[in-house]
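Those sequence lines, one after another, are chains A and B.
Okay, so the first sequence: first residue is 1 according to the UniProt record's numbering, each after it adds one.
Okay, so the second sequence: first residue is 1 according to the UniProt record's numbering, each after it adds one.
Don't read these hints as lab results, they were simulated from the structure.
Incorrect hints may appear among the rest.
Identical copies go unnamed one by one, so any copy, or any two together, can satisfy a pair.
Below, computed lysine-lysine pairings styled on DSS-like, alpha-carbon distance capped at 27 angstroms [unchecked claim]:
#1 K37 with K170
#2 K7 with K292
#3 K170 with K298
#4 K68 with K250
#5 K244 with K68
#6 K101 with K131
#7 K48 with K170
#8 K131 with K250
#9 K250 with K37
#10 K292 with K282
#11 K170 with K19
#12 K37 with K101
#13 K170 with K292
#14 K68 with K148
#15 K131 with K244
#16 K170 with K148
#17 K282 with K37
#18 K131 with K282
#19 K101 with K282
#20 K19 with K101
#21 K148 with K298
These numbers were taken from a predicted model, which means no experiment stands behind them.
Number of protein chains: 2
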Amino acid sequence: MNDFNLKGYVGFWAERVEKFFESYIVSADIHASGLVKSMNYSLGAGGKRMRPAVIFSSFGIFDNYFDKVTPYAAAVEILHTYSLIHDDLPAMDNDDFRRGKPTNHKVFGEATAILAGDALLTKAFEIMLNKEINPDIEAPLMAEAAFKLAVAAGDKGMVGGQFADMQAEKTDPEVETVDYIHMHKTASLIAYCAELGAVLGYGEEIDKANMKSYGRKIGLAFQVVDDVLDVTSTAEELGKSIGKDAAEGKATYTALYGVERSMRIASELTAEAIAIVEPYGKAARPCIEIAKYVLERKN
Amino acid sequence: MNDFNLKGYVGFWAERVEKFFESYIVSADIHASGLVKSMNYSLGAGGKRMRPAVIFSSFGIFDNYFDKVTPYAAAVEILHTYSLIHDDLPAMDNDDFRRGKPTNHKVFGEATAILAGDALLTKAFEIMLNKEINPDIEAPLMAEAAFKLAVAAGDKGMVGGQFADMQAEKTDPEVETVDYIHMHKTASLIAYCAELGAVLGYGEEIDKANMKSYGRKIGLAFQVVDDVLDVTSTAEELGKSIGKDAAEGKATYTALYGVERSMRIASELTAEAIAIVEPYGKAARPCIEIAKYVLERKN
Numbered sequence: 001m002n003d004f005n006l007k008g009y010v011g012f013w014a015e016r017v018e019k020f021f022e023s024y025i026v027s028a029d030i031h032a033s034g035l036v037k038s039m040n041y042s043l044g045a046g047g048k049r050m051r052p053a054v055i056f057s058s059f060g061i062f063d064n065y066f067d068k069v070t071p072y073a074a075a076v077e078i079l080h081t082y083s084l085i086h087d088d089l090p091a092m093d094n095d096d097f098r099r100g101k102p103t104n105h106k107v108f109g110e111a112t113a114i115l116a117g118d119a120l121l122t123k124a125f126e127i128m129l130n131k132e133i134n135p136d137i138e139a140p141l142m143a144e145a146a147f148k149l150a151v152a153a154g155d156k157g158m159v160g161g162q163f164a165d166m167q168a169e170k171t172d173p174e175v176e177t178v179d180y181i182h183m184h185k186t187a188s189l190i191a192y193c194a195e196l197g198a199v200l201g202y203g204e205e206i207d208k209a210n211m212k213s214y215g216r217k218i219g220l221a222f223q224v225v226d227d228v229l230d231v232t233s234t235a236e237e238l239g240k241s242i243g244k245d246a247a248e249g250k251a252t253y254t255a256l257y258g259v260e261r262s263m264r265i266a267s268e269l270t271a272e273a274i275a276i277v278e279p280y281g282k283a284a285r286p287c288i289e290i291a292k293y294v295l296e297r298k299n
Numbered sequence: 001m002n003d004f005n006l007k008g009y010v011g012f013w014a015e016r017v018e019k020f021f022e023s024y025i026v027s028a029d030i031h032a033s034g035l036v037k038s039m040n041y042s043l044g045a046g047g048k049r050m051r052p053a054v055i056f057s058s059f060g061i062f063d064n065y066f067d068k069v070t071p072y073a074a075a076v077e078i079l080h081t082y083s084l085i086h087d088d089l090p091a092m093d094n095d096d097f098r099r100g101k102p103t104n105h106k107v108f109g110e111a112t113a114i115l116a117g118d119a120l121l122t123k124a125f126e127i128m129l130n131k132e133i134n135p136d137i138e139a140p141l142m143a144e145a146a147f148k149l150a151v152a153a154g155d156k157g158m159v160g161g162q163f164a165d166m167q168a169e170k171t172d173p174e175v176e177t178v179d180y181i182h183m184h185k186t187a188s189l190i191a192y193c194a195e196l197g198a199v200l201g202y203g204e205e206i207d208k209a210n211m212k213s214y215g216r217k218i219g220l221a222f223q224v225v226d227d228v229l230d231v232t233s234t235a236e237e238l239g240k241s242i243g244k245d246a247a248e249g250k251a252t253y254t255a256l257y258g259v260e261r262s263m264r265i266a267s268e269l270t271a272e273a274i275a276i277v278e279p280y281g282k283a284a285r286p287c288i289e290i291a292k293y294v295l296e297r298k299n
């Protein structure tokens, strides 16, 4: 079974999401055009577009009317992009490069970067709840999708994880703290992506729970591999600074367990994730391939 | 007709909204408790609670089941609070005091202030879309309320206005630019508040348009009076720095028109706002009193 072209699969959905950005994220007024330019700069800066791929692959288990998913996949990628812009700010991780390009605040200044992030976060909800561009999504589904996004992205999810990450720089990392950070900073939104596929595909509650669990496991594995790549990769391969987490005393898996044991943990997590979706049969193939990629990726 | 106690009216709803904050904005995990503390610091810092009052007063024209409005009024005040935290940041307006208390970043640091703002913005949507705490709001109404909030608060609304405001510091203010800034930075969200009352009260489309127009006019008048108070008031009366806008070359009405003409414009706007709601009869009394207050307030 080596006939699955994951790069092509992910690229296919990435293109749809990027087309949506181009058509939807446009300036309504000359006074805000600089803001929209800054938003589009970060949206267009590439990246793996992994979250949209997780949404589409999960949805494919339950339905095949993929077109109606595009605005939702775009909304989640937009929310992810806001979090990168704010994380890179001088007061936060103070990063000059992201995906091989200067970070938003390096190009547009701090004030604009803060506002671009705020506007993108708001935009994610606007898109999900926009009846005109989502004629085939019923209101209860819209509300469920947007509510769960808010929970996954807020103080009980992603932002809570980022906060704990900033705090942890000041202390020696403990297992429990590192688990909290990874689970919330990264895995929370990826778990949401996998669950969203089941929500939009009218899955049962048990399916939503299954997909969320699958997403949490690959999300956690993704972050563990991130920690490993930070110490084993080169800046060129990664397109961002390396060794930075370790230098700053960040709470990472490699700091706790070293590279080998970290990779073993990631391997177990992806195996568990695959076991969750395998019972769904052939339609789960993309979910399985994404789980494998998370473990084997080199950047 | 001097028997209306506006202070009591506004305080009555403020208390409900503040009770809601206390019960809902709580930490789910010790790792994020510092974040939630920072969120609650700014939520509890007082303020006029004008936006909730506008929502309740507008709703009162259409319905009297006020209890179901509380989470929505709280959500809008939460969103307003996020915008104050981010506006006060060193990279933005760099304010040390707000409502007579040190600003969020002065107490908790910049990183936490950015994240607290992000979490509050996200929380506003979470609250509006939470089925459990809004058992009497149907999904289409939820989705409409949250969608319109996103439009009013994002790049086409409040954030767009704040961006234009930052940009305008670098140039001489023009009438058209100042109008754009005030309309978007301040009036957009207050117009939304007035419209929201009609949305939640099952008003007709014409009612929603009327209330939005009323809200836009009092919102604009509110900002014009703000500009006037910045040059005529004392720091003690306002509870924040004064003369700062003028010193920084901010785009204000007073810079364009002077104090007297600015007050005449504000007076016309409130008269127009009152004329819009008067046909709704006795139920519009609170809306009328709020419009008068906007013009006459001293802080």
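inquiry  = Within a copy, between copies, both or neither: which one fits K170 and K148 at a CA-CA cutoff of 27 angstroms?
reply    = Neither. Shortest intra-copy (31 angstroms) and inter-copy (41 angstroms) distances fail the 27 angstroms Cα cut-off.
- Taking 27 angstroms as the upper bound on the Cα-Cα distance, should K282 and K37 be classified as within, between, both, or neither? neither (42 angstroms within a copy, 48 angstroms between copies)
- Query: Can you tell me if K250 and K37 fall within 27 angstroms by alpha carbon in one copy, between copies, both or neither?
  - Reply: Intra 32 angstroms, inter 23 angstroms, cutoff 27 angstroms: inter-copy only.
Practice prompt. Check K244 against K68 for me: Cα-Cα at most 27 angstroms, and say if that holds within a copy, between copies, both or neither.
Written response: Close neither inside one copy (40 angstroms) nor across copies (49 angstroms); limit 27 angstroms.
Status of K298 relative to K148 across identical chains (alpha carbons, at most 27 angstroms)
This pair counts as neither: shortest intra-copy Cα distance 31 angstroms, inter-copy 42 angstroms.
query: Taking 27 angstroms as the upper bound on the Cα-Cα distance, should K68 and K148 be classified as within, between, both, or neither?
result: both (18 angstroms within a copy, 21 angstroms between copies)
One pair to classify: K37 and K170, alpha carbons no more than 27 angstroms apart. Within, between, both, or neither? Only across copies: K37 and K170 sit 19 angstroms apart there, 36 angstroms inside one copy, limit 27 angstroms.
**OP:** Tell me, please, which holds for K7 and K292 at an alpha-carbon limit of 27 angstroms: within, between, both or neither?
**Re:** within (12 angstroms within a copy, 62 angstroms between copies)
Exercise. Using 27 angstroms as the alpha carbon limit, work out where K131 and K244 are close: within a copy, between copies, both or neither.
Key: neither (43 angstroms within a copy, 42 angstroms between copies)
(Q) I want to check one pair: K101 and K131. Are their C-alpha atoms no more than 27 angstroms apart within a copy, between two copies, both, or neither? (A) neither (35 angstroms within a copy, 42 angstroms between copies)
Is it within, between, both, or neither for K37 and K101, if the alpha carbons may be no more than 27 angstroms apart?
Result: close within a single copy only, 15 angstroms intra versus 35 angstroms inter.
Give the relationship of K101 and K282 under a CA distance limit of 27 angstroms: within one copy only, between copies only, both, or neither.
neither (39 angstroms within a copy, 60 angstroms between copies)
In summary, the structure is inconsistent with hints 3, 4, 5, 6, 7, 8, 11, 13, 15, 16, 17, 18, 19 and 21 from the numbered list given earlier, while agreeing with the others.
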